[in-house]
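Asker: As a plain string of letters, each chain reads:
There are 4 protein chains.
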Amino acid sequence: MNIGLLGLGRMGTGIARSLLRAGHRVTVYNRTRERAYALQPEGAIVAKSIADACKAEVVLTMLADDAALEAVVFAEEGLLASLPRGVPHISVSTISVALSEKLAAAHATAQQEYVAAPVFGRPEAAEAGRLAVVIAGLSDVVERCQPLFQALGPKQWIVGEVPALANVVKLSGNFLLASVIESLAEAMALIRKSEVDPAAYLEFLTSTLFPAPVYKNYGELILRDKYEPAGFAAPLGLKDMRFVMAAAEAQTVPMPFASVLRDRFLAAIARGNEASDWAVLGRLAAEDAGLATRAPAAARRTAGGQHG
Amino acid sequence: MNIGLLGLGRMGTGIARSLLRAGHRVTVYNRTRERAYALQPEGAIVAKSIADACKAEVVLTMLADDAALEAVVFAEEGLLASLPRGVPHISVSTISVALSEKLAAAHATAQQEYVAAPVFGRPEAAEAGRLAVVIAGLSDVVERCQPLFQALGPKQWIVGEVPALANVVKLSGNFLLASVIESLAEAMALIRKSEVDPAAYLEFLTSTLFPAPVYKNYGELILRDKYEPAGFAAPLGLKDMRFVMAAAEAQTVPMPFASVLRDRFLAAIARGNEASDWAVLGRLAAEDAGLATRAPAAARRTAGGQHG
Amino acid sequence: MNIGLLGLGRMGTGIARSLLRAGHRVTVYNRTRERAYALQPEGAIVAKSIADACKAEVVLTMLADDAALEAVVFAEEGLLASLPRGVPHISVSTISVALSEKLAAAHATAQQEYVAAPVFGRPEAAEAGRLAVVIAGLSDVVERCQPLFQALGPKQWIVGEVPALANVVKLSGNFLLASVIESLAEAMALIRKSEVDPAAYLEFLTSTLFPAPVYKNYGELILRDKYEPAGFAAPLGLKDMRFVMAAAEAQTVPMPFASVLRDRFLAAIARGNEASDWAVLGRLAAEDAGLATRAPAAARRTAGGQHG
Amino acid sequence: MNIGLLGLGRMGTGIARSLLRAGHRVTVYNRTRERAYALQPEGAIVAKSIADACKAEVVLTMLADDAALEAVVFAEEGLLASLPRGVPHISVSTISVALSEKLAAAHATAQQEYVAAPVFGRPEAAEAGRLAVVIAGLSDVVERCQPLFQALGPKQWIVGEVPALANVVKLSGNFLLASVIESLAEAMALIRKSEVDPAAYLEFLTSTLFPAPVYKNYGELILRDKYEPAGFAAPLGLKDMRFVMAAAEAQTVPMPFASVLRDRFLAAIARGNEASDWAVLGRLAAEDAGLATRAPAAARRTAGGQHG
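Chains as they are written, first to last, in my numbering: chain R, 1 to 308; chain Z, 1 to 308; chain H, 1 to 308; chain G, 1 to 308.
Among these hints, one or two may not hold up.
For chains that are exact copies, the list does not tell them apart, and a pair is met inside one copy or across any two.
As the list claims (entries may be wrong) - Dumping the calculated DSS-like pairs for lysine-lysine here, alpha-carbon to alpha-carbon at most 30 Å:
1. Lys-239 with Lys-216
2. Lys-55 with Lys-193
3. Lys-193 with Lys-48
4. Lys-102 with Lys-48
5. Lys-102 with Lys-193
6. Lys-216 with Lys-48
7. Lys-155 with Lys-216
8. Lys-193 with Lys-155
9. Lys-239 with Lys-102
10. Lys-226 with Lys-239
11. Lys-155 with Lys-55
If you are wondering where the hints come from, they were derived from the structure by calculation, not from laboratory data. Small disclaimer: the values here were computed from a predicted structure and weren't measured.
Based on the sequences and whatever the hints tell you, model everything.
Answerer: Here's what the structure looks like:
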């Protein structure tokens with residue numbers, strides 16, 4: 001397909017590569033132009049403007065957060081203004097349900113098509129074409145874009161025709177991941193304080209009850225007390241808990257675990273772990289159990305500071 | 001009345017004084033004998049043994065915790081072995097519902113009378129005869145001991161005939177107090193970080209919505225970030241949350257606030273505030289909001305320590 | 001003073017009366033005109049439009065929530081468009097910190113003055129001129145409006161010059177009130193299940209440790225299991241928890257009690273108590289302890305319904 | 001080996017079978033004798049007394065809970081009184097850390113050997129010899145019993161020499177499982193209320209992020225809203241949360257997720273789900289979101305009952 005792609009962070013760059021490898025024609029746009037040029041040798045065409053990238057069969061956006069996507073869509077010469085009729089906007093970013101609904105309404109008003117297609121997977125999975133994709137939008141549009149979705153990864157799920165539902169699914173998935181982190185954090189604090197070998201503990205659990213990679217990977221981070229550099233930073237975890245709780249409040253659904261997670265991310269950030277991976281809940285649980293940790297200087301300063 | 005009194009901590013000593021001042025004959029016993037002799041000039045008779053203190057119309061116990069009271073009651077020459085028939089045991093200590101039930105059963109088996117009469121109030125209130133007393137036991141025994149109860153304080157409530165019910169009431173009261181502390185702790189962390197004057201905030205609240213002394217007193221401790229020396233130490237708060245949760249579990253009653261409180265006390269203790277007043281939840285809330293505090297050296301070490 | 005007043009719900013009507021009684025000239029505006037005319041016999045002047053009500057020395061707004069206030073302020077012929085320079089807008093409503101900041105910015109851009117002055121107290125207190133007022137705004141404006149504030153109630157606190165700070169204070173106060181409700185709800189569920197007399201329990205507590213009226217009033221509602229009609233409805237409680245948590249998140253302050261409260265309000269509403277007083281957390285605690293309650297038909301249907 | 005086995009519930013019976021199949025000589029004892037005789041055709045020898053079953057190289061106990069195991073061990077002609085020197089007691093039951101420590105002390109005093117070897121797996125896994133075993137005890141005793149452990153399952157982990165550590169591990173594992181249940185329960189309540197297909201949701205999640213059988217199995221129960229008959233009943237889940245929290249409290253480790261879980265199990269039981277599988281937290285989350293469920297009659301009565 002002839003694909004426009006806006007947003008070349010680590011995820012967007014990975015997606016660009018897997019689309020190119022699958023034989024698609026990809027025109028990329030990024031505010032910081034260097035990232036676009038870096039993809040030229042691999043076959044990408046560099047767009048000079050958003051409008052330029054819209055000369056395509058479909059436009060994909062992969063931005064960091066609500067604000068970044070809103071800026072790209074609603075800017076004066078942004079996506080909404082530039083998208084030709086019949087060229088659907090596929091939003092791959094993890095955004096709030098509220099923004100997804102706002103985009104759906106705005107595109108509908110402009111007689112444009114909008115599909116939400118958030119993905120699960122890290123940048124390496126994006127590059128390898130191994131993302132899991134959650135898709136919601138008008139079925140004929142979704143149908144038409146199948147070649148694109150297949151290039152993203154082998155596992156797709158078409159949730160329905162209301163785009164925001166895909167975002168609910170994505171956010172609830174991140175909630176489940178954060179729950180894995182917090183439960184491991186608490187269990188491993190208990191294990192360490194009980195003087196059981198935490199490495200053997202983790203190895204036993206992940207080879208019996210919990211063979212899923214997420215248990216192994218997050219367990220490893222907690223085990224090694226090493227949360228920097230962040231794969232997915234704590235403030236992003238906080239943001240997703242806020243979004244999932246907002247989606248749940250809109251449906252009148254209490255989520256006690258999500259509430260605990262939100263408070264834990266807030267405490268983690270306030271205690272100096274703003275730049276750490278969201279698995280840093282493991283450090284928080286260790287500190288709250290009185291265990292020594294490799295807290296960063298910022299955290300140390302805060303935790304043991306003078307009276308202000 | 002002719003009263004035996006076992007246990008001369010700060011509360012027991014205060015009670016002894018208010019009983020003496022009310023004209024009762026008081027025979028005191030304490031494992032560490034000095035505390036008993038200290039009361040001699042004020043008219044107390046010093047017992048050499050528990051059995052000695054049982055030569056009375058009624059025996060009062062005011063011990064620090066379950067273990068201490070169990071030791072006094074079930075020791076070889078302890079209260080259970082020494083109490084003459086017709087001399088009731090009145091337990092004033094804050095103990096678990098389970099121990100109160102065990103005492104009720106043991107005394108019944110020994111054909112002895114047992115009344116639970118836990119009190120609200122600090123040592124100064126005990127000494128001034130200004131405690132609030134929650135009483136449960138056979139009504140004729142309770143009746144007979146009225147002169148004693150009236151010396152403890154102006155406010156009494158006879159809950160019923162099942163002793164453990166008085167303990168449920170006492171523990172639930174301590175739960176309500178701890179809830180006041182945690183709610184103030186959270187509100188004041190928000191206020192401080194919002195750069196509102198916390199002293200003016202507290203003054204406004206306690207002169208409008210929350211005129212109760214508990215709000216003023218605990219608010220003051222949090223405001224001044226000064227939790228040492230402890231009036232009522234954090235580990236005692238933890239213990240009472242454990243007891244109230246055990247009582248609630250026995251009745252199949254979920255108590256989400258109590259659960260939060262238990263975890264907060266655990267974190268406070270693990271983070272080095274073992275010797276602090278239970279209002280130290282205010283320090284915890286401040287630290288978790290990234291505010292600087294006057295944390296004790298132990299807490300500082302733990303929070304910013306090396307990896308173990 | 002010559003005062004314009006927008007919004008004549010129960011609170012606004014009460015405020016109008018206490019202003020009139022204090023001798024002020026009050027021009028009232030309400031979307032539903034009947035409520036305005038109802039105040040005419042007491043001396044109020046009825047405005048035909050918002051602009052009409054702005055012919056005054058100061059304009060007061062007392063709307064139900066963020067949406068209602070936004071509608072009044074940002075409408076085509078709304079307050080922002082109508083307010084003459086030098087006539088301050090005093091917002092008495094309980095609104096979000098975010099909206100208060102937005103209003104401050106909008107009024108500043110329009111070279112208008114804005115003061116946040118949320119109040120504590122029920123409609124009866126408003127009418128009696130017995131509200132507690134939390135004030136924040138430029139000090140000369142606040143100074144100028146003193147006669148108005150004094151008519152609202154005897155107790156005022158000037159927090160500072162940043163309007164949103166008054167909203168933080170108001171929201172944190174509602175958080176403290178909700179904490180009282182939940183702690184009483186849990187304690188009284190335990191007391192009822194333990195077969196202690198809950199009326200005597202409440203009477204004892206409020207005459208000893210917790211003499212504040214809020215404990216008596218909310219305790220009474222829980223005791224009588226009577227939450228209808230609502231003084232302050234559960235969805236408003238939920239809204240305020242959302243607002244206080246948003247304010248706390250903006251300052252990176254975790255508030256575990258607020259998180260529990262938010263989930264409890266959500267469950268209360270989802271379980272059919274949407275029209276009940278926010279003290280209905282008492283019913284929720286009772287139901288979760290397996291106690292029988294006077295749940296409304298809606299709640300009964302939900303709790304024991306068919307599979308959907 | 002020559003093995004005595006006390007306790008023939010579903011787990012004990014399964015273990016007996018896998019031991020027999022592995023060629024061990026197994027003497028079984030059960031209070032209700034029928035269950036022992038049922039195993040005779042498969043080669044088991046029926047003991048008439050605990051002492052009888054102790055004529056072996058090693059004695060295994062698999063009882064339902066702390067009370068049942070205490071009864072068997074500390075009875076007048078119980079295990080402690082009957083176990084010959086040199087015959088180790090291997091406790092396979094899920095018990096509290098406190099009881100495991102008490103057993104270790106009692107056996108040591110009696111110069112007997114004690115190994116804790118709790119297992120993960122359901123009765124079918126026990127029968128198939130596919131349990132995961134967590135072992136702690138003196139290494140030469142553990143060594144000697146290897147043939148027995150290998151018959152239980154392919155996956156063993158020797159934690160150390162202090163028996164209670166194996167119990168900490170087992171309890172923390174059950175905490176992790178309960179966390180999976182609650183996180184799925186909340187996510188699926190949100191999904192159902194958002195009108196996303198919950199079956200497709202579960203299928204997608206368990207084929208991407210969460211390929212572990214525990215997600216599939218508990219997800220299925222929640223999806224079908226079918227928690228009866230119980231594989232592992234809610235009161236057992238509550239018990240294990242109590243035990244893990246007690247173990248954590250002994251090490252001063254706060255566990256916020258465990259606290260939430262304890263309250264959820266309490267509410268589930270109080271609301272009429274005492275006989276349901278512990279995955280019934282899914283029903284609770286659905287009800288608290290206002291979703292209709294197939295609640296049992298008991299739950300329906302409670303939730304919508306008359307005032308008591």
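Asker: Does each hint fit the structure? Answer for all of them.
Answerer: Consistency of the hints with the structure:
1. With identical chains, the CA atoms of Lys-239 and Lys-216 are at most 30 Å apart both within one copy (24 Å) and between copies (28 Å).
2. Taking the shortest alpha-carbon separations for Lys-55 and Lys-193, neither the intra-copy value of 60 Å nor the inter-copy value of 39 Å comes in at or below 30 Å.
3. Proximity of Lys-193 and Lys-48 under a CA criterion of 30 Å is satisfied in neither setting, with 57 Å inside one chain copy and 43 Å between copies.
4. Only within a single protomer do Lys-102 and Lys-48 lie at most 30 Å apart by alpha-carbon distance; the minimum there is 27 Å, versus 35 Å between protomers.
5. Taking the shortest alpha-carbon separations for Lys-102 and Lys-193, only the inter-copy value of 20 Å comes in at or below 30 Å, while the best intra-copy value is 48 Å.
6. In this assembly of identical chains, the alpha carbons of Lys-216 and Lys-48 never lie at most 30 Å apart, being 43 Å within a copy and 48 Å across copies at closest.
7. For the identical chains of this complex, Lys-155 and Lys-216 are neighbours both inside a copy (21 Å) and across copies (17 Å), given an alpha-carbon limit of 30 Å.
8. Taking the shortest Cα distances, Lys-193 and Lys-155 sit within 30 Å of each other only across copies (25 Å), while inside one copy they are farther apart (41 Å).
9. Both within a single protomer and between protomers do Lys-239 and Lys-102 lie at most 30 Å apart by alpha-carbon distance, with minima of 18 Å and 22 Å respectively.
10. Only within a single protomer do Lys-226 and Lys-239 lie at most 30 Å apart by alpha-carbon distance; the minimum there is 22 Å, versus 34 Å between protomers.
11. Taking the shortest alpha-carbon separations for Lys-155 and Lys-55, only the intra-copy value of 28 Å comes in at or below 30 Å, while the best inter-copy value is 58 Å.
Violated hints, in rising order: 2, 3, 6; the structure is consistent with all others.
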